[in-house]
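Generate the whole structure from the sequences, applying the supplied hints.
To convert a position in the sequence shown, counted from 1, into the working numbering, add 363.
Among the hints, a few may not be true.
[Said to hold, decoys possible] Calculated lysine-lysine pairs in the DSS-like style (CA-CA distance at most 27 Å, straight line):
(1) 516 <-> 500
(2) 404 <-> 435
(3) 372 <-> 386
(4) 386 <-> 435
(5) 374 <-> 404
(6) 374 <-> 386
(7) 516 <-> 499
[To be verified] With beta-carbon atoms standing in for the labels, derived distance ranges:
(8) 506 <-> 371: 37 to 45 Å
(9) 506 <-> 415: 51 to 59 Å
(10) 475 <-> 399: 18 to 26 Å
(11) 461 <-> 415: 24 to 32 Å
(12) 386 <-> 495: 54 to 62 Å
(13) 379 <-> 437: 23 to 31 Å
(14) 405 <-> 503: 40 to 48 Å
(15) 437 <-> 507: 57 to 65 Å
(16) 437 <-> 469: 39 to 47 Å
(17) 495 <-> 423: 28 to 36 Å
(18) 456 <-> 485: 33 to 41 Å
(19) 389 <-> 468: 41 to 49 Å
(20) 503 <-> 456: 42 to 50 Å
Think of the hints as simulated: they come from the structure by calculation, not from any bench.
Glycine residues also receive a C-beta, built at the ideal position from the N, C-alpha and C atoms.
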Amino acid sequence: MVEENSILKFKQSYEEVYQIQIKDQEPSTFIFRPIGREEYKQVVVLDLDLGDYQEIICSQCVLYPENYDFSKGRAGIAEVVAHSILDVSGLLPQQADEMLEQFRAEMMQMDYQADCMIHEAFPEYSLEEISSWTLKKTMYYLSRAEWILRTLKGSHFTYLSEEENQTNQVSQINQNSNETKLAPMTHNNSFEQQSDKAAQSEEEVLAMLAGAGAKVAQPSSTMDEVKPELNWFSYMDELKGEFE
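Spelled out as structure tokens, the structure:
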């Protein structure tokens, strides 16, 4: 069983600490931290096979039990724990895009806009510290931040609600759509006669559209998602969440 002192020690050392419990397994509790982006890149460049890849992620991020040998443990343990680590780290496919959209939506609230304005005017305070202030202290610094940014730095800004931001986005999309409409294409008689006789090659069609200003999606030759095998896991694990 994990001692409370050990949990407090983990919390002091890392921003986030999670646990997962796996039934019919001894030990049944695994405590781990998320893996950082640069740390994850260092694992990926090793070009390991899937099993070794999962084991090294576990060995780097699992805090309890200490020195657990995932290579000799029960089959499937490394898969489950590694998948959970990547999940809380936001490194599964599409997670980064979803989180970005979520945080962008938060920025439509004045509360978060105020934090950024205060940080811009008083950079000695971090966003995390500012968000912990009382409302009275926040409004005090916000009033000073507005004056500094407007009067001393010449910044012009307005607070946008989520509805106003959506309206602006729709207007921008419509404007871009109008600007990118294809211009009428003119062809001489000889070209028209030639096109009637023979079909154009794929390269000619792409070149013609590109010349007319159309956006042509080229086939991708790169793999953006590393280790997609992690999506195959169907092991039933129960993620307990972050310790309070």
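Here's how the hints hold up against the structure:
no., hint, verdict
1, 516 <-> 500, "holds, 23 Å"
2, 404 <-> 435, "holds, 25 Å"
3, 372 <-> 386, "holds, 26 Å"
4, 386 <-> 435, "holds, 18 Å"
5, 374 <-> 404, "holds, 24 Å"
6, 374 <-> 386, "holds, 25 Å"
7, 516 <-> 499, "holds, 25 Å"
8, 506 <-> 371: 37 to 45 Å, "holds, 39 Å"
9, 506 <-> 415: 51 to 59 Å, "holds, 56 Å"
10, 475 <-> 399: 18 to 26 Å, "holds, 24 Å"
11, 461 <-> 415: 24 to 32 Å, "holds, 29 Å"
12, 386 <-> 495: 54 to 62 Å, "violated, 38 Å"
13, 379 <-> 437: 23 to 31 Å, "holds, 26 Å"
14, 405 <-> 503: 40 to 48 Å, "holds, 44 Å"
15, 437 <-> 507: 57 to 65 Å, "holds, 59 Å"
16, 437 <-> 469: 39 to 47 Å, "holds, 41 Å"
17, 495 <-> 423: 28 to 36 Å, "holds, 30 Å"
18, 456 <-> 485: 33 to 41 Å, "holds, 39 Å"
19, 389 <-> 468: 41 to 49 Å, "holds, 43 Å"
20, 503 <-> 456: 42 to 50 Å, "holds, 44 Å"
Comparing the model with each numbered hint stated earlier shows that hint 12 is the single one that does not hold.
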